[in-house]
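Engineer: Given next are the chains, with one letter for each unit.
Number of protein chains: 2
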Amino acid sequence: MTVNYPNGKKNNWTAAVTSAGRRGMALEQDINATNAFYLSEDTAVIHKKPTPVTIVKVDYPKRSAAKITEAYFKMPSTTDYNGIYKGRYIDFEAKECASSTSFPLKSIHAHQLVHLDAVLRHGGIAFVIVRWTQFEETYFIPAKNMINYWNTASRHSIPYAWFQENGCLIPSSYVKPVDYLKILDRLYFEKGGNTSNGKEKENIQ
Amino acid sequence: MTVNYPNGKKNNWTAAVTSAGRRGMALEQDINATNAFYLSEDTAVIHKKPTPVTIVKVDYPKRSAAKITEAYFKMPSTTDYNGIYKGRYIDFEAKECASSTSFPLKSIHAHQLVHLDAVLRHGGIAFVIVRWTQFEETYFIPAKNMINYWNTASRHSIPYAWFQENGCLIPSSYVKPVDYLKILDRLYFEKGGNTSNGKEKENIQ
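Chains as they are written, first to last, in this note's numbering: chain D, 833 to 1037; chain S, 833 to 1037.
If you're looking for bench data, these hints aren't it; they were derived computationally from the structure.
Heads up, a few of these hints could be off.
Copies of one chain are not kept apart here, so a pair can be met inside one copy or by any two copies together.
Capping the alpha-carbon separation at 20 Å, the derived lysine to aspartate or glutamate pairs in DMTMM-like fashion look like this [stated by the list, open to error]:
1) Lys880 - Asp891
2) Lys899 - Glu969
3) Lys918 - Glu997
4) Lys894 - Glu860
5) Lys880 - Glu997
6) Lys976 - Asp874
7) Lys899 - Glu860
8) Lys906 - Glu968
9) Lys906 - Asp1017
10) Lys889 - Glu1022
11) Lys906 - Glu860
12) Lys976 - Asp1017
Small disclaimer: the values here were computed from a predicted structure and weren't measured.
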């Protein structure tokens, strides 16, 4: 198990990675389970990247595994997930939102949007998954829509209603808790064709 | 900086990650530099995945960054590098070989070949980069060739001559030390076309 970036805690304690360290990980676990199912069905090959860590000290005890004794979380240079589906390159970031009114723009780093924009430019499929934990709703947002909002927004957050207008609710099942490929099929692979020419629908509705 | 999997050292010491910890990293650094150049030119978006680590304990000191105090190296579930080039999904593993006669098959995990095979099946471009450090030669091997060898080999290593027959020597320049996209252009994007139908030349020569 890996942990997410700690959210600015100031307490001075050492903790085993338990429930506190797993905050915000329910979505990650659901996506990982979904990706594992896609992989087992041979539908898609999409994985979460490991949490980037800067390793400073490593202990090599006799007869046991190397132990990292000093390391630090590092800013990720890209997004958390990527892979391949129906011949297309897939790239996305996933975030939970605890608010019931708006999604803070700072949840997504500017360089992650720059990365998603580059993916679009090179013909990939780029998007963001946002879960509104209070509503138990998980939205698929094409990266283009998120980037447009970012470029033109006068505020620091995105209201809930915007997600309903600019995103798609992702269906959920027991084996595929975040079945986002259903949305991809509708938006990028409709009419039985692999639209591998890199052209994509920009609008959802 | 991150370190590679330690190669079974048994000494009981704690070390800062210096030259010893960087062994086998010259190729990684060369590929990272090349990828950074591709990114800066906007030619391709290809990144190394972070080294997978299982985090056990995290210390949150007052007024400073969270410090990981116990973590272990984890077996990677996929390959080290992936991304997008000319609309195609790219996926590869890179290895250095210190021998001057043969490349040990165990350098590449079976599940990594399974992963590369899945990438091919879904229409991506999958390959392996192997540097023969003694010859200062870096070869591009289509994953299909490596998988075929693995499936049919009666020995535990691949002789040097096989690489000359089944791979392509990757050109090198100061800004692009491992310019593997030149090989991709020749093998997968010849005749000015993006062969995004997933068909690939299986033979090099």
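Engineer: It remains to establish, for every hint, whether it holds in the given structure.
Structural biologist: Each hint tested on the structure:
1. For the homomeric pair Lys880 and Asp891, neither the shortest alpha-carbon distance inside one copy (27 Å) nor that between copies (25 Å) is at most 20 Å.
2. In this homomeric assembly, Lys899 and Glu969 never come within 20 Å of each other (Cα to Cα): the closest approach is 40 Å inside a single copy and 34 Å across copies.
3. Taking the shortest Cα distances, Lys918 and Glu997 never come within 20 Å of each other, neither inside one copy (27 Å) nor across copies (31 Å).
4. Proximity of Lys894 and Glu860 under a CA criterion of 20 Å is satisfied in neither setting, with 35 Å inside one chain copy and 28 Å between copies.
5. When the C-alpha separation of Lys880 and Glu997 is checked against a cutoff of 20 Å, the pair qualifies neither within a copy, at 28 Å, nor between copies, at 35 Å.
6. In this assembly of identical chains, the alpha carbons of Lys976 and Asp874 lie at most 20 Å apart only when taken from different copies (18 Å versus 28 Å within one copy).
7. Neither within a single protomer nor between protomers do Lys899 and Glu860 lie at most 20 Å apart by alpha-carbon distance, with minima of 26 Å and 22 Å respectively.
8. For the identical chains of this complex, Lys906 and Glu968 are neighbours neither inside a copy (30 Å) nor across copies (32 Å), given an alpha-carbon limit of 20 Å.
9. Neither within a single protomer nor between protomers do Lys906 and Asp1017 lie at most 20 Å apart by alpha-carbon distance, with minima of 34 Å and 34 Å respectively.
10. Taking the closest pair of Cα atoms, Lys889 and Glu1022 never come within 20 Å of each other, the shortest separation being 51 Å inside a single copy and 47 Å across copies.
11. In this homomeric assembly, Lys906 and Glu860 come within 20 Å of each other (Cα to Cα) both inside a single copy, at 18 Å, and across copies, at 18 Å.
12. In this homomeric assembly, Lys976 and Asp1017 come within 20 Å of each other (Cα to Cα) only inside a single copy, at 17 Å, whereas the closest approach across copies is 28 Å.
This entry does not satisfy hints 1, 2, 3, 4, 5, 7, 8, 9, 10, going by the numbered hints stated previously.
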